[in-house]
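Number of protein chains: 2
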Amino acid sequence: MKLYTYFRSSAAFRVRIALNLKGVSYEPVSKAFAKKEHRAPDYLAVNPQGLIPALDDDGAVLSQSVAIMEYLDEKYPKPAFLPADPASRARVRSMALAIACDIHPLNNLRVLNYLRKELAQNDDGVNKWYRHWVTEGFRGLEVQAQEFSASKRYCFGDAVSLADICLVPQMYNARRFETDLTAFPTLVAISTHLESIEAFDKAKPEAQPDAA
Amino acid sequence: MKLYTYFRSSAAFRVRIALNLKGVSYEPVSKAFAKKEHRAPDYLAVNPQGLIPALDDDGAVLSQSVAIMEYLDEKYPKPAFLPADPASRARVRSMALAIACDIHPLNNLRVLNYLRKELAQNDDGVNKWYRHWVTEGFRGLEVQAQEFSASKRYCFGDAVSLADICLVPQMYNARRFETDLTAFPTLVAISTHLESIEAFDKAKPEAQPDAA
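Chains A and B are the protein sequences, given in the same order. Per UniProt numbering: the first sequence = residues 1 to 212. Per UniProt numbering: the second sequence = residues 1 to 212.
Hint data in this document are derived by calculation from the structure and do not stem from the laboratory. For clarity, every value in this text was computed on a predicted model and none was experimentally measured. Certain hints may be false.
Below, a list of computed lysine to any residue pairs in the SDA-like style, where the Cα atoms sit at most 25 Å apart [as the list claims (entries may be wrong)]: (1) Lys75(B) to Ser88(A); (2) Lys128(B) to Arg175(B); (3) Lys152(A) to Ala60(B); (4) Lys78(A) to Lys36(A); (5) Lys22(A) to Lys128(B); (6) Lys152(B) to Val61(A); (7) Lys36(A) to Lys152(B).
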């Protein structure tokens with residue numbers, strides 16, 4: 001199992017957590033955004049989408065972090081990333097996708113670069129944009145977490161899920177951009193608990209071999 | 001089954017296709033973006049994320065179009081939205097998520113409104129942004145479709161999948177924003193075929209009761 005990763009990639013952070021939770025060992029292959037290694041021909045031949053992460057499982061190359069996590073969950077059922085019944089599964093996926101679709105892609109490095117280069121935004125403009133979309137997304141997620149978290153330790157019920165794996169990297173980035181998190185006490189409590197779990201802790205950016 | 005929808009919502013368009021493919025009848029409840037009905041307290045009580053669509057299945061309210069489609073696929077297995085083996089499932093999900101995560105959220109109405117209001121962009125600036133992210137996303141997807149489509153009728157293999165359901169609404173919007181599609185002949189051929197299928201055709205914006 002080979003993971004194309006970058007220490008700072010939030011989507012790769014998710015997959016690192018997922019692999020750790022499943023107890024699957026992997027060889028990390030670093031692709032540095034700053035050097036545009038993820039857009040070089042050799043990587044585009046691996047992942048035509050030109051995005052990090054990608055997982056090479058014995059020659060089968062898979063992309064998109066959420067698709068990779070669903071794959072890992074199908075291949076290694078324990079611990080399950082989704083509850084058993086369809087409505088609960090949908091709720092967990094909805095919380096995960098609120099981050100993976102509606103927060104993270106807006107705040108990706110390539111988008112922030114576009115704001116700087118094409119729309120002449122300075123740090124203030126970029127930071128305001130970043131915090132705006134985190135705040136927008138966390139607002140709904142906080143309400144859902146209040147409803148669905150059993151004990152403020154996990155986003156849904158009382159077990160780790162796809163939603164938790166998406167929350168921790170997003171919370172990490174929200175803090176990095178100094179987002180005001182006062183309105184999201186449930187999400188902060190859940191993330192703080194999750195960050196104490198070894199599978200999450202070992203996956204954090206600064207613990208990666210390619211950390212600057 | 002009640003679907004909170006809006007004729008112009010690309011994510012609702014996906015779920016309308018999915019419901020039609022599964023042969024599940026539903027009652028549409030329109031929430032007009034222009035009137036901000038999707039941000040009104042009564043709708044936030046239904047879907048705290050404040051986004052369209054949401055599906056109410058006998059009191060279980062589910063949000064996020066991809067989560068809803070996975071739910072429908074689990075509840076109504078035929079026709080399957082995903083192939084049988086895990087690696088193929090991951091590839092289909094990756095193609096679907098390339099649209100649902102990395103194209104569509106960047107080009108959502110709320111984002112275009114931010115560009116206009118906060119970043120003082122005019123029509124030209126907004127259109128350039130729109131086309132940029134479609135082109136970026138379609139570039140990788142075209143390569144994947146060339147590899148995985150059996151006959152240029154479906155994104156993956158020779159059956160309809162989650163990727164097809166995401167492609168058609170995205171192609172619809174790409175055309176609406178007059179995106180140059182010359183570089184994406186496979187995606188255009190696939191979408192043209194899919195648009196001729198009744199379940200897709202009936203789901204298009206102008207066929208909806210709330211179309212302006």
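Checklist entry - Looking back at the hints listed earlier, which ones does the structure fail to meet? => result As far as the earlier hints go, 4, 5 and 7 are violated by this structure, in ascending order.
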